[in-house]
Structures are given as C-alpha cells and as structure tokens.
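Number of protein chains: 2
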Amino acid sequence: MLVEKNIREFIEVLASKEPVPGGGGAAALAGAIGNALGSMVGNLTVGKEKYKDVEQEIIKILEEEKKLQEELLSLIDEDAQVFSEVAKAYKLPKNTDEEKRKKEEALNNALKNACQVPIKIMEKSLEALKLQRRLAEIGSKLAISDVGVGALILKAAVLSGYLNVIINLNGIKDEEFVKKTNEYTEKMCREAEKLADEAYKIVMEKLKG
Amino acid sequence: MLVEKNIREFIEVLASKEPVPGGGGAAALAGAIGNALGSMVGNLTVGKEKYKDVEQEIIKILEEEKKLQEELLSLIDEDAQVFSEVAKAYKLPKNTDEEKRKKEEALNNALKNACQVPIKIMEKSLEALKLQRRLAEIGSKLAISDVGVGALILKAAVLSGYLNVIINLNGIKDEEFVKKTNEYTEKMCREAEKLADEAYKIVMEKLKG
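Top to bottom, those sequences are chains A and B.
Mapping to the UniProt record's numbering: the first sequence position 132 is 132, numbers consecutive.
Mapping to the UniProt record's numbering: the second sequence position 209 is 209, numbers consecutive.
Careful: at least some of the hints might be erroneous.
Identical chains share a label here; the pair holds if one copy fits it or two copies do between them.
Claimed, not checked - List of simulated lysine-lysine pairs, BS3-like, C-alpha gap at most 25 Å:
1. Lys141 - Lys94
2. Lys5 - Lys66
3. Lys112 - Lys102
4. Lys206 - Lys180
5. Lys141 - Lys17
6. Lys67 - Lys17
7. Lys67 - Lys5
Honestly, the hints are just simulated from the structure, not real lab data.
If you're wondering where the values come from, they're calculated on a predicted model, not measured in any experiment.
Produce the complete structure using the sequences and hints provided.
If you want it as structure tokens, here you go:
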C-alpha cells in the first residue's frame with residue numbers, strides 16, 4: 001500500500017517513471033494534507049475559553065474531517081488500482097476486428113472507472129475546503145496561517161483532480177458521459193476557486209490587520 | 001525525523017494539535033510532491049525517440065530536480081526544528097525588566113531564524129516551478145496532466161511558504177528586516193502565480209486541443 005510508504009520513499013517512487021503513484025495519487029495526498037491542516041486548526045481551537053461559543057460547531061467539523069482524512073488516504077491507493085486497469089486495457093491486442101472491438105470496449109470501461117477516482121478526490125477535497133472556509137472565520141487566530149495553507153493546498157487538490165479527469169475523458173467514446181462529467185467537474189473547480197479565494201482573503205486580513 | 005514517518009502517520013500527526021509538523025512542513029511536502037511530478041515527467045520523456053531533440057535539456061532538468069527533492073525533504077524537518085526554538089523563546093519568563101528584554105531578544109532572533117525556512121521553501125518550490133513551466137512545453141504529452149498537477153501544487157507551496165513567513169514577521173521588531181523580507185517574498189508569490197498560470201494554460205491547450 002502506498003500510504004504505508006514513508007514520505008521519502010513515496011516522493012522517490014512518485015519521481016520515478018513507475019506508472020503509480022502519479023498525478024492522481026499526488027492530488028489525493030494534497031487533499032489529505034490540506035484536510036489535516038483543518039483538523040489541526042480545529043484541535044488547537046477546541047477547549048479554549050476564547051472560542052467556547054463555536055466549540056460545538058468545531059467538534060462537528062473535526063468529525064467530518066476525520067472521515068474525509070480516511071477517504072482521501074484511501075484514494076491514493078484506489079487511484080493506483082484503477083490506473084493499472086487502464087494500463088492493462090491499453091496492452092490488449094488489436095490484430096483482428098473482433099480484438100479491436102473488445103479492446104475499445106475494455107478501454108472505455110477502464111477509463112470510465114478511472115474517472116471516478118479523481119472525481120471523488122475533487123468531491124472530498126471540495127468538502128474539506130468548505131470546512132476550511134468556515135475555519136478561516138471561527139478557528140483559532142493563532143493558527144490562521146495554517147488555515148490559509150490548507151485552503152491553498154485543497155484548491156490545488158481539486159484542480160489537480162480535474163486534470164486527471166480530463167486526461168481520462170479524452171480517451172472515452174461516449175459523448176453524453178464526457179459532456180456530463182466535464183460540466184460537473186468544471187463546476188467543482190469554480191466552487192473551489194471561490195471558496196479558497198474567500199478563505200485566503202479572510203486569512204490575509206487577520207494576518208495583516 | 002518526519003520524512004521517515006509513513007504517509008498515514010504523517011497525516012495523523014499533522015492533523016493533531018502537536019506543534020509540528022504544521023503549515024511550514026505541509027508547504028515543504030507540497031513542494032516535494034510538485035517537484036517529484038516534474039521528475040516523473042522528465043523520466044517518462046528521456047529515451048523516447050519523439051523527444052530526442054530535448055533529451056539533453058531534460059537530463060539537466062532532472063539533475064536540478066534531484067537536488068531540489070533533497071532540499072525540500074530536508075526543509076520538512078528543518079521547519080519543525082526552528083519552530084521548536086520559537087516555542088522555547090515564547091516560554092521564557094518576563095517577570096523583571098531584564099527578563100523582558102532578554103525574552104524579546106531571544107524571540108526576535110528565533111523568529112528571524114524561523115523565517116528563513118519558509119523563505120527557502122518558497123525559493124526551492126519556485127525553482128521547481130520554473131522547471132515545470134519548461135516541462136509543459138517540452139515534456140512528454142502523455143504525462144501532460146502530471147505537469148499541470150505539479151504546477152498547481154508548486155504554486156500552492158510557494159504561496160503557503162509566504163503565509164508562514166508573514167506569521168513570523170508579525171512578531172519581529174525590526175522594521176527594515178520586515179520590509180525587505182516582505183518585498184522579497186511577495187515578489188516570489190507574483191512570479192509563482194505567473195509561471196503556474198502559464199504552465200496551466202499550456203497544459204490545458206495540450207489536453208483539450
């Protein structure tokens with residue numbers, strides 16, 4: 001499992017020409033890092049007299065982030081798995097018409113399946129970004145730079161997931177599926193940019209004000 | 001050492017209220033991830049007949065990225081170390097005028113020192129981003145989405161480093177130092193945004209065109 005590798009090993013295999021981890025795994029890890037910074041800020045805020053009024057809300061945020069953390073970590077390895085299926089389909093023979101038809105079908109299915117992982121990376125990172133946006137308002141001011149870092153990295157995670165969706169969509173021959181998936185994921189990108197920019201603005205005001 | 005922790009452990013301790021790793025270590029790791037994706041793209045490009053003309057340039061890029069990888073990984077632990085020094089200075093007593101003076105001096109020095117790590121994170125991530133910008137033009141088109149992911153994450157790393165610089169600068173009583181550091185690091189942010197946006201544009205054209 002990729003998540004059991006230590007940081008140095010993970011970076012080394014990412015840097016190599018090994019097929020996995022690649023951009024998808026990197027996006028999922030970025031999502032996990034940004035989300036973890038939200039948890040850190042939450043954990044530094046609860047139990048503090050100054051933030052008693054928002055304690056219950058932050059406890060709820062922490063619970064959601066704990067779930068997101070597990071999901072984003074799992075997606076690092078899920079991405080590697082679906083990528084292997086795509087690679088397998090690419091290697092199928094295409095000498096006869098029958099083989100060509102079978103290969104195209106296998107490839108189409110593997111790519112559609114492979115799309116789902118970066119879509120999930122986008123969804124989970126976007127959820128984490130919504131929580132981060134709220135933490136910019138109610139989290140401990142002592143950790144305000146960490147909220148900002150989390151928001152920046154989560155935005156990168158959502159947009160990175162999108163690039164991985166697009167490269168898979170390019171190989172899929174199903175116009176309706178491609179159109180719908182494109183619209184859905186583009187919308188998530190715009191939402192992520194809006195949330196991250198709002199969070200960043202609040203962070204900078206608190207940092208510089 | 002933080003880089004010896006496995007991915008899951010690192011994310012768990014990042015999410016906790018433990019003082020380190022925090023936003024600085026997260027920024028350095030983001031830089032290492034983005035830079036590693038550049039190496040991956042380089043490694044997938046060299047040796048390919050189609051990219052023979054740029055092979056020598058890519059070999060040079062790979063050498064630079066290898067150095068940057070070591071530096072960015074080291075910065076994860078360096079950030080933790082300077083942060084401990086700051087925490088130590090904050091805990092100094094301030095009962096007498098003499099103690100107050102000594103504490104302010106110790107804090108000023110620790111914070112100036114702590115600034116240097118996120119500045120280095122910014123510098124190294126910016127260098128990696130310049131290489132990524134070039135890989136958008138000359139790297140293997142098969143890995144073009146990975147170039148884009150690398151650029152997005154490296155931009156986040158530079159801007160995240162900046163937030164860590166600012167939060168340290170806020171505690172430093174040395175107007176000249178604060179002004180100079182602010183100008184220098186703000187300039188790096190603008191450059192990172194420009195490079196990443198250019199790289200992203202090239203990536204999208206190649207992905208969608």
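Cross-check of the supplied hints:
1. Lys141 - Lys94: between (61 Å within a copy, 23 Å between copies)
2. Lys5 - Lys66: Intra 21 Å, inter 19 Å, cutoff 25 Å: intra and inter.
3. Lys112 - Lys102: within (15 Å within a copy, 64 Å between copies)
4. Lys206 - Lys180: between (40 Å within a copy, 21 Å between copies)
5. Lys141 - Lys17: between (42 Å within a copy, 14 Å between copies)
6. Lys67 - Lys17: For Lys67 and Lys17, only the inter-copy Cα distance (18 Å) is at most 25 Å; the intra-copy one is 32 Å.
7. Lys67 - Lys5: both (21 Å within a copy, 21 Å between copies)
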